[in-house]
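Number of protein chains: 2
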Amino acid sequence: MPRFPDFSIPAMVETPAVCIDIERMEANIRRMSTGLASQGVAFRPHVKSHKSLQVARRQIEAGAVGLTTATIGEAEVFVNGGFDNVFIAYPLWLTAAKAARIAAMLKKARVAIGVSSLDVAQHLVTLAAVLEGLELLIEVDSGEKRTGIVDPHDAVAIADVLTAAGYALTGVFTHGGHSYAGIDAVAEAAEDESRTLSATVAALHDAGYDLTTLSAGSTPTASTPMAGITEERPGTFVFGDRQQVALGAHPAESVALYVVATVVQSSPEQFILDAGGKVFTKDSPKTVEGFGALPHYPQAVVEKLYDHHAVVATRGGAYPAVGERVAVIPNHVCPVSNLTNEFIIVDPAGVEIDRWPVDAAIRNR
Amino acid sequence: MPRFPDFSIPAMVETPAVCIDIERMEANIRRMSTGLASQGVAFRPHVKSHKSLQVARRQIEAGAVGLTTATIGEAEVFVNGGFDNVFIAYPLWLTAAKAARIAAMLKKARVAIGVSSLDVAQHLVTLAAVLEGLELLIEVDSGEKRTGIVDPHDAVAIADVLTAAGYALTGVFTHGGHSYAGIDAVAEAAEDESRTLSATVAALHDAGYDLTTLSAGSTPTASTPMAGITEERPGTFVFGDRQQVALGAHPAESVALYVVATVVQSSPEQFILDAGGKVFTKDSPKTVEGFGALPHYPQAVVEKLYDHHAVVATRGGAYPAVGERVAVIPNHVCPVSNLTNEFIIVDPAGVEIDRWPVDAAIRNR
Numbered sequence: 000m001p002r003f004p005d006f007s008i009p010a011m012v013e014t015p016a017v018c019i020d021i022e023r024m025e026a027n028i029r030r031m032s033t034g035l036a037s038q039g040v041a042f043r044p045h046v047k048s049h050k051s052l053q054v055a056r057r058q059i060e061a062g063a064v065g066l067t068t069a070t071i072g073e074a075e076v077f078v079n080g081g082f083d084n085v086f087i088a089y090p091l092w093l094t095a096a097k098a099a100r101i102a103a104m105l106k107k108a109r110v111a112i113g114v115s116s117l118d119v120a121q122h123l124v125t126l127a128a129v130l131e132g133l134e135l136l137i138e139v140d141s142g143e144k145r146t147g148i149v150d151p152h153d154a155v156a157i158a159d160v161l162t163a164a165g166y167a168l169t170g171v172f173t174h175g176g177h178s179y180a181g182i183d184a185v186a187e188a189a190e191d192e193s194r195t196l197s198a199t200v201a202a203l204h205d206a207g208y209d210l211t212t213l214s215a216g217s218t219p220t221a222s223t224p225m226a227g228i229t230e231e232r233p234g235t236f237v238f239g240d241r242q243q244v245a246l247g248a249h250p251a252e253s254v255a256l257y258v259v260a261t262v263v264q265s266s267p268e269q270f271i272l273d274a275g276g277k278v279f280t281k282d283s284p285k286t287v288e289g290f291g292a293l294p295h296y297p298q299a300v301v302e303k304l305y306d307h308h309a310v311v312a313t314r315g316g317a318y319p320a321v322g323e324r325v326a327v328i329p330n331h332v333c334p335v336s337n338l339t340n341e342f343i344i345v346d347p348a349g350v351e352i353d354r355w356p357v358d359a360a361i362r363n364r
Numbered sequence: 000m001p002r003f004p005d006f007s008i009p010a011m012v013e014t015p016a017v018c019i020d021i022e023r024m025e026a027n028i029r030r031m032s033t034g035l036a037s038q039g040v041a042f043r044p045h046v047k048s049h050k051s052l053q054v055a056r057r058q059i060e061a062g063a064v065g066l067t068t069a070t071i072g073e074a075e076v077f078v079n080g081g082f083d084n085v086f087i088a089y090p091l092w093l094t095a096a097k098a099a100r101i102a103a104m105l106k107k108a109r110v111a112i113g114v115s116s117l118d119v120a121q122h123l124v125t126l127a128a129v130l131e132g133l134e135l136l137i138e139v140d141s142g143e144k145r146t147g148i149v150d151p152h153d154a155v156a157i158a159d160v161l162t163a164a165g166y167a168l169t170g171v172f173t174h175g176g177h178s179y180a181g182i183d184a185v186a187e188a189a190e191d192e193s194r195t196l197s198a199t200v201a202a203l204h205d206a207g208y209d210l211t212t213l214s215a216g217s218t219p220t221a222s223t224p225m226a227g228i229t230e231e232r233p234g235t236f237v238f239g240d241r242q243q244v245a246l247g248a249h250p251a252e253s254v255a256l257y258v259v260a261t262v263v264q265s266s267p268e269q270f271i272l273d274a275g276g277k278v279f280t281k282d283s284p285k286t287v288e289g290f291g292a293l294p295h296y297p298q299a300v301v302e303k304l305y306d307h308h309a310v311v312a313t314r315g316g317a318y319p320a321v322g323e324r325v326a327v328i329p330n331h332v333c334p335v336s337n338l339t340n341e342f343i344i345v346d347p348a349g350v351e352i353d354r355w356p357v358d359a360a361i362r363n364r
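Top line first, the protein sequences correspond to chains Z and G.
Using numbering that gives the first Met the number 0, you'd call the opening residue of the first sequence number 0 and step up by one each time.
Using numbering that gives the first Met the number 0, you'd call the opening residue of the second sequence number 0 and step up by one each time.
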C-alpha cells in the first residue's frame, strides 16, 4: 500500500465529513502551477474536482490563467463568484435557455465552450446572434473514444461553419482520458494528446486558420505535457486520490482530501463505517482494490458500499473499536466533492481551521 | 429487456433532468400501502429514495404510519417540514452535538433510532439524560452481514442496559438486504427477516421484555412480508429502478423516475449523453448490464460513465441524432435522487406539471 499521509482526525467534526489538509492542497497547487510554468504551459485547472470558490481563488493566485468547468451551472457559480475567464470543456448542445445563460455570463467574463462535431457547429450557427463574444475550441478525440473529432479535416469543416457565422475560434482541446487505463498508458496518452492536437492545428493552418491554444487535459497527462501543448486543464491534482496515486500521477504523501467516518460496528473480521456510496460513490477503477484506503488500517479493504454503510474487511489486520473515527482516502475525488455541502479545512495536525462551502455541488446542468 | 414505460420527454426541460411520472409514482405508493394494509402490516417508507417533502406527504396520505430515514440530517428536514414520526434506521454513534440535534427533534416529533450492538447501547447510557422520549429498536442481522446482532440473547443484554438507563425499547428491526443478490434470493431473505426478528422477540419475551414492533426493510422483501412482521420500511418502490425490476420486486411498466439527457455525439457504434456518474452514479448491480436502460433504444447499453458523459453502445440498434433528448432509467434510484436539486414532475403524456425541490439531497450526516 502506498504511504498515504497519517491523517489526524479533527476533534469536533461530525461524521461523515470531507476534510482537506490545506497545506498539502496548497502544495499540490504550487507543484502543478510551477511545473507547467517552467515549461511555458498555461494552467487552467478544472473546478469539477473541488467546486469551491475558495479553492479556485488559490489556483488563480498561484498563476492559473482561468478555470475549466464541465457544466454551465458550475461556470455560473464561478463567474458570479468573481472569476472572469472560464472554459466549459464540454460539447454543449445549447437550447435557447442555455444560450441565454451563457449570454448572461458573457457580460461579466470571457467564456469559451467546446465544439465536438459538425452537428454541434451547425446548431451553434442558429444561436450566433445571442452569443456574441463567445470563444470556441474544437474538441479532438486523442484516443479516449468519447467526444471530439478524429479526422483533422473535420476541424476545417467546423471552422468554416463557425467563422462564417461570426464566431471566434480560439483553439483546439482534448482529454487524454485513456491515460486512466493504467500506469503504462499515461505517457502514450500524453503523446496522443500532443500528436492529435498538433495534426488538427496543422490542418487548420493549411486551410488558413491559425489557432494558438492547444489545450490538453487529465491530471496524469498534465504532469508531462508534450510538444506543442500550450495549456493544461488538470482537476484531480488539487487533492489527489487513490486512482491518481496508482497511476503514478500524484505522490501518495501529497494526498490532501480524506473522509472521516465513524465505526458503527466492529469485529475481528470486518467493521462498518457510517459513510457509504452517498459519500464515497461507487467509483471502482481497476487500478485499485476496494472503495477506499484507510491509512491507519493499511491491511483493511473497503469491500462493499451501501448507500450509508461501508463494509471494511480487516484481512487479519488491526481493527478499530465502535465509536472510533477513521480517515478514508477515496478512490476518485471528483464525485466525492460533489456529495457534500462543506469541506472541513484542517492544518497538518488535524486541527480544524475553517469550513468552506462546496459552492457548485450537484450543479449538473 | 423488460417493458419499461415509453416515457415522453417534457418539452422545455433542460438536461440532465430527473423526471417523475406522477401517476406512476402515486400508483406505486397505493400498491405498496394497500398491499401492506391488507396484511395488517404498518407502512413506514424510507425517504432516502426520494428525499422530498412532497413525496413523503403523499406517502402519509396513503396511510404510512411515519417515515424512515438513514441520517439525522434527513430526519431534520422531514421533522422541520411537519412530519411527526420518524425512525432513523441506523446504528447512530451519537456525539454530544448529534444527541442535541435528536433532542431538538424530540420536542416536535416521535423519534426512534437503531441500536445494533452492546457497545452502542452502553454509549447511549451516557446520553440518557438528554434523550428523554427517544425510542429505540434493536437491529438484528437477518443475513445481510452488515449491522445488527446475530445471537438473540445479545438483545437481552442490550435491553437490560437500555431499560436500566430509562430508555423506551419499542421493537426490533432488520434489513434483508441479501435479497439484492438476485431474484432467487428474495423469498429466502424475507423468511430470514421473519425468523430472526421472531427469535429475537421470543428471547426478549423470555427475559420479560414484550416488544410489539417487528420492522423489516427492503423493497424486494416488503412485497411479501412474512409471519410476525408488523412493519415494513421499503424505499425504492416509490419510483422503481432497473435493479428492482430485475429482482422481480417492481413491475417494469410501473417505473416512475427517469433521467432525460441530451445526445452530444453520435455514430452507428455509440452515442454520448450529457449525463454521467454525477447524475446516474456508478451503481452497477450484477443483475443488470451497464449503467441504465433506454426505453426508446432497447438494444443500447450504457457501457461507461465518466463524471459528465455516458458512453452508450448501440449494439447494432437504432441510434439518436446529436441534440436529441433521450430517457434513461437508472440502475439504482436512491443515489440518483441524492444528486439533483429538483424533480421535474410530469403527467403520463410527458407534460411538465410541477417542480419539487429534493429537500434532503446530500444530507449525509
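It is possible that some hints are incorrect.
Said to hold, decoys possible - Below, simulated EDC-like cross-link-like pairs (lysine to aspartate or glutamate); rule was C-alpha separation at most 16 Å, straight line:
id: 1; chain 1: G; residue 1: K144; chain 2: Z; residue 2: D183
id: 2; chain 1: G; residue 1: K97; chain 2: Z; residue 2: E13
id: 3; chain 1: G; residue 1: K285; chain 2: G; residue 2: E268
id: 4; chain 1: Z; residue 1: K144; chain 2: G; residue 2: E13
id: 5; chain 1: Z; residue 1: K97; chain 2: G; residue 2: E13
Think of the hints as simulated: they come from the structure by calculation, not from any bench.
Keep in mind that this is a model prediction, so the values were computed, not measured.
Hint-by-hint comparison with the structure:
1. The straight-line distance between the Cα atoms of G:K144 and Z:D183 is roughly 38 Å, outside the 16 Å bound, and the hint therefore fails.
2. Restraint check for G:K97 and Z:E13: satisfied, since their Cα atoms lie roughly 8 Å apart, inside the 16 Å limit.
3. Between G:K285 and G:E268, the direct Cα distance comes to roughly 24 Å. Violation of the 16 Å bound is thereby established for this hinted pair.
4. Restraint check: the Cα-Cα separation between Z:K144 and G:E13 comes to about 26 Å, which exceeds 16 Å; the hinted pair is violated.
5. The suggested pairing of Z:K97 with G:E13 holds, with an alpha-carbon distance near 8 Å, which does not exceed 16 Å.
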